[in-house]
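Asks: Numbering-wise (our numbering), the sequence shown opens with residue 583 and increments by one.
Please keep in mind that the hints were generated in silico from the structure rather than gathered at the bench. Owing to the predicted nature of the structure, the values given are computational and were not obtained by experimental measurement. It is possible that some hints are incorrect.
Quick list of simulated restraints, FRET-style, between CB atoms [claimed, not checked]:
1) Gln-636 to Asp-603: 14 to 20 Å
2) Val-632 to Asp-583: 35 to 41 Å
3) Asn-586 to Val-608: 30 to 36 Å
4) Lys-620 to Gly-643: 25 to 31 Å
5) Asp-583 to Ile-646: 15 to 21 Å
6) Pro-618 to Glu-642: 27 to 33 Å
7) Val-596 to Ala-641: 17 to 23 Å
8) Ala-589 to Trp-644: 37 to 43 Å
9) Lys-639 to Ala-589: 26 to 32 Å
10) Ile-588 to Asn-626: 14 to 20 Å
11) Asn-624 to Val-585: 31 to 37 Å
Pairs of lysine-lysine residues, derived as PhoX-like cross-links and limited to a Cα-Cα distance of at most 20 Å, are as follows [said to hold, decoys possible]:
12) Lys-607 to Lys-655
13) Lys-645 to Lys-620
14) Lys-645 to Lys-607
All C-beta atoms, glycine included, are put in the ideal place defined by N, C-alpha and C.
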Amino acid sequence: DFVNRIATTPAETVLDEQILDYQIKVDGTMASAWTPYKFFVNGNFSHCGVNSFQLVKMAEGWKIVYIIDTRRKENCN
583 DFVNRIATTP AETVLDEQIL DYQIKVDGTM ASAWTPYKFF VNGNFSHCGV NSFQLVKMAE
643 GWKIVYIIDT RRKENCN
């Protein structure tokens, strides 16, 4: 469980997600953000992948309604 892993990570652990690029697509009140990344733990490479955010524009502004990602240790150039 993602939330439990983050909650139980020791405070001295340094988590560094580096966003490499982004692509945003918008159609009216719906948007998608595609963000390739590399992830490091305490300065050491852990994995790479892509985050995908789905957003909806509400009266009060854009809201993230869904997040999914991929993770791999190879082909991270």
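Asks: Could you run down the list of hints and mark each one as holding or not?
Replies: Going through the hints against the structure:
1. Gln-636 to Asp-603: 14 to 20 Å: For Asp-603 against Gln-636, whose Cβ atoms are near 18 Å apart, the range 14 to 20 Å holds.
2. Val-632 to Asp-583: 35 to 41 Å: 21 Å, violated
3. Asn-586 to Val-608: 30 to 36 Å: 34 Å, holds
4. Lys-620 to Gly-643: 25 to 31 Å: 29 Å, holds
5. Asp-583 to Ile-646: 15 to 21 Å: Cβ of Asp-583 to Cβ of Ile-646: about 19 Å, so the range 15 to 21 Å holds.
6. Pro-618 to Glu-642: 27 to 33 Å: Holds: the Cβ-Cβ distance is about 29 Å, inside 27 to 33 Å.
7. Val-596 to Ala-641: 17 to 23 Å: The hint (17 to 23 Å, Cβ to Cβ) is violated, given that Val-596 and Ala-641 are roughly 38 Å apart.
8. Ala-589 to Trp-644: 37 to 43 Å: Violated, at about 27 Å.
9. Lys-639 to Ala-589: 26 to 32 Å: Taking Cβ atoms as reference, Lys-639 and Ala-589 lie about 31 Å apart, which means the hint holds.
10. Ile-588 to Asn-626: 14 to 20 Å: For Ile-588 and Asn-626 the Cβ distance comes to about 18 Å; the hint holds.
11. Asn-624 to Val-585: 31 to 37 Å: This hint is violated: roughly 21 Å between Cβ atoms.
12. Lys-607 to Lys-655: Judged against 20 Å, a Cα distance of about 27 Å means the pair is violated.
13. Lys-645 to Lys-620: 24 Å, violated
14. Lys-645 to Lys-607: Distance of about 15 Å is within 20 Å: holds.
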